[in-house]
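Residue numbers (the numbering used here), protein chains in the order written: chain Y, 1 to 731; chain W, 1 to 228; chain G, 1 to 82; chain Z, 1 to 82.
Hints are computed from structural coordinates only; laboratory data are not their basis. Please read these numbers as outputs of a predicted model, since none were measured by experiment. Where hints are given, some of them may not hold.
Unchecked claim - Within a straight-line C-alpha distance of at most 25 Å, the following computed BS3-like cross-link-like pairs (lysine-lysine) qualify:
hint: 1; chain 1: W; residue 1: Lys-96; chain 2: Z; residue 2: Lys-23
hint: 2; chain 1: Y; residue 1: Lys-727; chain 2: Y; residue 2: Lys-707
hint: 3; chain 1: Z; residue 1: Lys-60; chain 2: Y; residue 2: Lys-334
hint: 4; chain 1: G; residue 1: Lys-65; chain 2: Z; residue 2: Lys-60
hint: 5; chain 1: Y; residue 1: Lys-417; chain 2: W; residue 2: Lys-171
hint: 6; chain 1: Y; residue 1: Lys-724; chain 2: Y; residue 2: Lys-707
hint: 7; chain 1: Y; residue 1: Lys-296; chain 2: Z; residue 2: Lys-23
hint: 8; chain 1: Y; residue 1: Lys-385; chain 2: Y; residue 2: Lys-417
hint: 9; chain 1: G; residue 1: Lys-11; chain 2: Z; residue 2: Lys-41
What the hints assert, rightly or not - Stretch-level coverage of chain G by chain Z, calculated; a stretch enters the list once three of its residues show a Cβ under 8 Å from a Cβ in chain Z:
hint: 10; segment: 32–44
hint: 11; segment: 68–82
Claimed, not checked - Computed beta-carbon distance windows for the label pairs:
hint: 12; chain 1: W; residue 1: Asn-123; chain 2: G; residue 2: Glu-27; range: 41 to 51 Å
hint: 13; chain 1: Y; residue 1: Ile-355; chain 2: Z; residue 2: Ser-80; range: 31 to 41 Å
hint: 14; chain 1: Y; residue 1: Gln-698; chain 2: W; residue 2: Asn-123; range: 45 to 55 Å
hint: 15; chain 1: W; residue 1: Lys-2; chain 2: Y; residue 2: Lys-446; range: 19 to 29 Å
Idealized CB from N, CA, C, for every residue including glycine.
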Amino acid sequence: MEITKDLISAHNLTLEEYEKIKTILGREPSLTELGMYSVLWSEHCSYKSSKPLLQELPVVGEYILEGPGENAGVIDIGDGLAIVMKVESHNHPSAIEPYEGAATGVGGIIRDIITMGARPIALLNSLRFGNYKSPRTQYLLNGVVSGIAGYGNCVGVPTVGGETYFEDCYDGNPLVNVMCVGILETKNMVRAVAKGKGNPVIYAGSTTGRDGLGGAAFASKELNDQSEKDRPAVQVGDPFMEKLLIEACLEISQQDYLIGMQDMGAAGLTSSSSEMAGKGEGGMSLDLSAVPQRDKNLSPYEMMLSESQERMLLVVKSGYEDKAVEIFHKWGLKAAVIGSVEANALLTVKHKDEIVAEVPAKSLSNDAPVYNRPAKKPAYLDGLKSISDAITFGKANTDFNETLLKVLSSPTIGSKKSIYQQYDYMVGTNTVVLPGQSDAALMRIKGTQKGIALSIDGNSRYCYLNPFTGGQIAVAEAARNVVCVGAKPLAVTDGLNFGNPENPEVFWQFQQGVMGIKSACEALETPVVGGNVSLYNETNGTAIYPSPIIGMMGLMEDIDHRVTMGFKNADDVIFLLGDSLEELDGSEYLKVIHDMMGKECPRLDLGLEKEVQETCLSLINKRLLSSAHDLSEGGLAVALFESCITGDKGANIVIGATGLSDAALLFSESQSRILISVSPESLYEAITYLEYKEIPYQQIGMVTKGKSLKIDDLIDQPLESLEKSWKSLVL
Amino acid sequence: MKYGIVIFPGSNCDQDSFYGVSSVMGAEAEMIWHKDHHLGQYDCIILPGGFSYGDYLRAGSIARYSPIMQEVVAFANGGGLVLGICNGFQVLLEAKLLPGAMLQNKHVHFICKSVYIKTHHSNTPYTNALKEGDILEIPIAHMEGNYYCDNSTYQRLKDGGQILFSYCDAKGNSTDEANPNGSLRNIAGICNEKKNVLGLMPHPERALESMLGSEDGKRIFESIRSHC
Amino acid sequence: MYQAKVYITLKDSILDPQGTAVKGALESLKYQNIPELRIGKYIQLQIDETDLSRAESQLKEMCEKILSNPIIENYRYDLSEG
Amino acid sequence: MYQAKVYITLKDSILDPQGTAVKGALESLKYQNIPELRIGKYIQLQIDETDLSRAESQLKEMCEKILSNPIIENYRYDLSEG
Ligand SMILES: Nc1ncnc2c1ncn2[C@@H]1O[C@H](COP(=O)(O)OP(=O)(O)O)[C@@H](O)[C@H]1O
Ligand SMILES: [Mg+2]
């Protein structure tokens, strides 16, 4: 088949990229080869726009066993155990088919964990939708949530946390980022490598079909009305198959004869084979005729690019292929030897005795062009108006009871129970702090006193106003969440969702966002162990807000010290750690009540952030706290309500003069703040410690038996009526 | 006291059940592979929760034909204790060891939460450590837990003292609001006529440690222990 | 070879949660003239068999044993050569 | 009033996990002569409408918008008065 310009551009390759392929091969590529390069050199697989920036991120640290580069990062938690984690996006597939898009996202990220030899123990997700009221959002929300539930529940991995935001910028381009966390005996860690000439290459899992063809290239394309026609690119997941794959892979991970394992994710067989061979500094030959196939007459092109789900590629020591295949068969999975490791550094693909592709393995996985894209500060930033320019607050006649009810009814702030109740968050019997009980989930590690706290976070409105600070805040808040249950933040996995990087203004946002994450991760000593980049999140030319998402893992040495956010006992004393400032720009209050965005995002002082977190953690470890809850969207008023409602207690808050406007006192989203409560018995010791640490703090009130929330003379409401507004999200 | 826990392809509460009955309750336990044709010596067989065969077609409909199920049926017919939890309950219904069938939850969604159930009879191997009227707090997690049977079957279940647990509120009232899935008469758990086979939608193995929210599940396993 | 189409429906006396939900969704989208909607299964299969009556008895057996649950469901089928 | 029967099937190239699992189950039950089995939906509904062509266009619309997912499924229907 002749390679025409049209064919090249249909493969999303530029002419320069095509020339580079010709130089590598010393000839024209075959159609199959062209397809292979096109997917592996796509933005999604090659990171061609993001690589230079990602190299900026801190990736090493005391606890880090494996940073980016493998399928997932690995963090040492002692006792011969390690935690494995990663985030993955499935934005575009979910926009087209929300149920299957989200479900296969979950499936994909689980496979990244099992390839490491780890057992998946927790799932989290971060969701962004457009206007809550639009029927399309309802459709997407329902589909995505039931897709995550349908897949995660069936494979038996608890979905223990997440976040959901609604913002018009996601109307055409929702975000679905999923995170999976696994546990591993360090000695059983597996790498995605092919080594040892002559060693057999084994295909395992589900059959190969035409579904999801070209999904990787598809994921990097801008969404437009044309996408409707890209339909076959949507894949269907089979969670039952995945569950079998988990068990079989875990069994094989414990065998000494396993050399390497890699999931077939984006670009299926092509990416897994070339990456494994590339890492082993060798080559691989494959015989496609041996691949278990679902559809009749699959062409080599289709087989190399198919993104059928629930498939793995393995290399085992020669002579052990039957044993390996037997394990998969025992679990009812397909498995076959489809090739062998070669010394010649080539990926050679045969089909019916004919060589259909032969390319240097590393050229696919490592030699994609890298672009240093131009960046330019976006013009919109100059047009933003601070609220202080626009309106005056603190009008005497504002009824803040009404205001609070309205803020609580914002779907971004409201209870997410109707979402998480659809997820089996208990399977595994390790979830010690459940969804809705705290800012982070806490998973115990059976056989030890340890636990790991998990949170996923990111406020894209802040990032729109200031992507650098927004990126920092995402890290700071995720860490703060983990601290609020009593765990020490150890490591980050990030999901970087942005628009089209070829647009210099978008690239600037991306650059700033990454640099913000870098600075916060350095300051908080939480290296980035891996992540995902999703670019081209645009609909018809309009980009989403810059949306970096941070998954954070923290370690707790003794889970008996854990704390949740609900107030526990009447007469406990409530404190607010940190500084409250007049910061309503970018807040949910401003959005909901005044339909405005503002200009500045809240400030972040990483030094103070660290102090506040360390202080809170020490107080928890000294067992001086009854509750701890981080302040985020909705500020103090919302945090107080949440601690009241989860603890089924009231609160009486007396703050008095602060110099802040009433609105800011209640709803400012100043960072580095934590709401804690302390029993009368612990009061003296807690105050002594706070004084000693010299961090800003305020004693603001008491927990009460009476079920109402009172804040100065601004708010006095029964919890019941507040709760009604807060439960506005229905599925 | 020794439990045998069956692993079907897709079971996902098998390890939780194992941990619960062995590490927490201190009993012996062994896993049984669904393809086995022989049952060892057990005092109680657990069919665990999960999604056997993905719950494709109907929950439990395929697992019920696993080779080991013939043995389980024989064991049950011989008076052996068989406890089906969640998906295990669905398998028992499909295998006709218990009457009735499961429909999708009334609100169609999967639902995971802690619920209250009321004990109706204490003269069974599963409830002898409980008193009639005792309320337990135990989590549920299912998509198809909407129990259904026809009127005459219901009468027989009721007259035979086979309805062991029903959903209720914290005070023990069997209200519609307390019914999480639309089950007929709030039914949460039933046993066979001989009282040796129990199907239970809630997960007692998830309620054995206070750090997980409730220890009420222990009462069921304590009953089994004192029966054996 | 025989081609079979099997239709599995919930018995009339049994409430259909899924059908009710879809009916509700249609109503909220202004399709208010749907007094009744029920959802069942439609299974298409091939039976590699040469004799019609053997194919039919096998199909019936499969329907009763596994494809449907007679406590809550009815089944019906079309069987044709081809 | 019109009676409609809608048959929804997965597109040919789309994986049918349910069908595959059921086929596997039938095989292990010694029904080894089922080369193909796919599971779809069978929806029965009534449309309270007096005009056939209006009923039909409404049915089509509902099929495309709600009852089926055109990205992975095909639909077909029978419509009759009664
Ligand atoms: N935003 C990011 N931050 C840090 N590491 C990243 C990021 N994006 C990707 N990586 C790392 O790059 C490697 C390749 O990622 P990817 O191609 O997404 O893997 P997979 O194909 O397994 O999903 C992984 O090790 C991943 O953790
Ligand atoms: Mg991977």
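Now the hints, each set against the structure:
1. W:Lys-96 - Z:Lys-23: holds, 22 Å
2. Y:Lys-727 - Y:Lys-707: holds, 17 Å
3. Z:Lys-60 - Y:Lys-334: This hinted pair is violated, its Cα atoms lying about 40 Å apart.
4. G:Lys-65 - Z:Lys-60: violated, 35 Å
5. Y:Lys-417 - W:Lys-171: Holds, at about 23 Å.
6. Y:Lys-724 - Y:Lys-707: holds, 14 Å
7. Y:Lys-296 - Z:Lys-23: The given pair, whose Cα atoms are some 18 Å apart, holds under the 25 Å limit.
8. Y:Lys-385 - Y:Lys-417: Measuring from Cα to Cα gives roughly 35 Å; hence the hint is violated.
9. G:Lys-11 - Z:Lys-41: holds, 16 Å
10. 32–44: Since three or more residues must qualify, the claim that chain Z covers the segment 32–44 of chain G holds, with 12 doing so at under 8 Å.
11. 68–82: violated (count 0)
12. W:Asn-123 - G:Glu-27: 41 to 51 Å: holds, 48 Å
13. Y:Ile-355 - Z:Ser-80: 31 to 41 Å: For Ser-80 (chain Z) against Ile-355 (chain Y), whose Cβ atoms are near 58 Å apart, the range 31 to 41 Å is violated.
14. Y:Gln-698 - W:Asn-123: 45 to 55 Å: Hint violated: Cβ distance 60 Å, outside 45 to 55 Å.
15. W:Lys-2 - Y:Lys-446: 19 to 29 Å: Taking Cβ atoms as reference, Lys-2 (chain W) and Lys-446 (chain Y) lie about 22 Å apart, which means the hint holds.
Hint check: violations occur at hints 3, 4, 8, 11, 13, 14; the rest are consistent with the structure.
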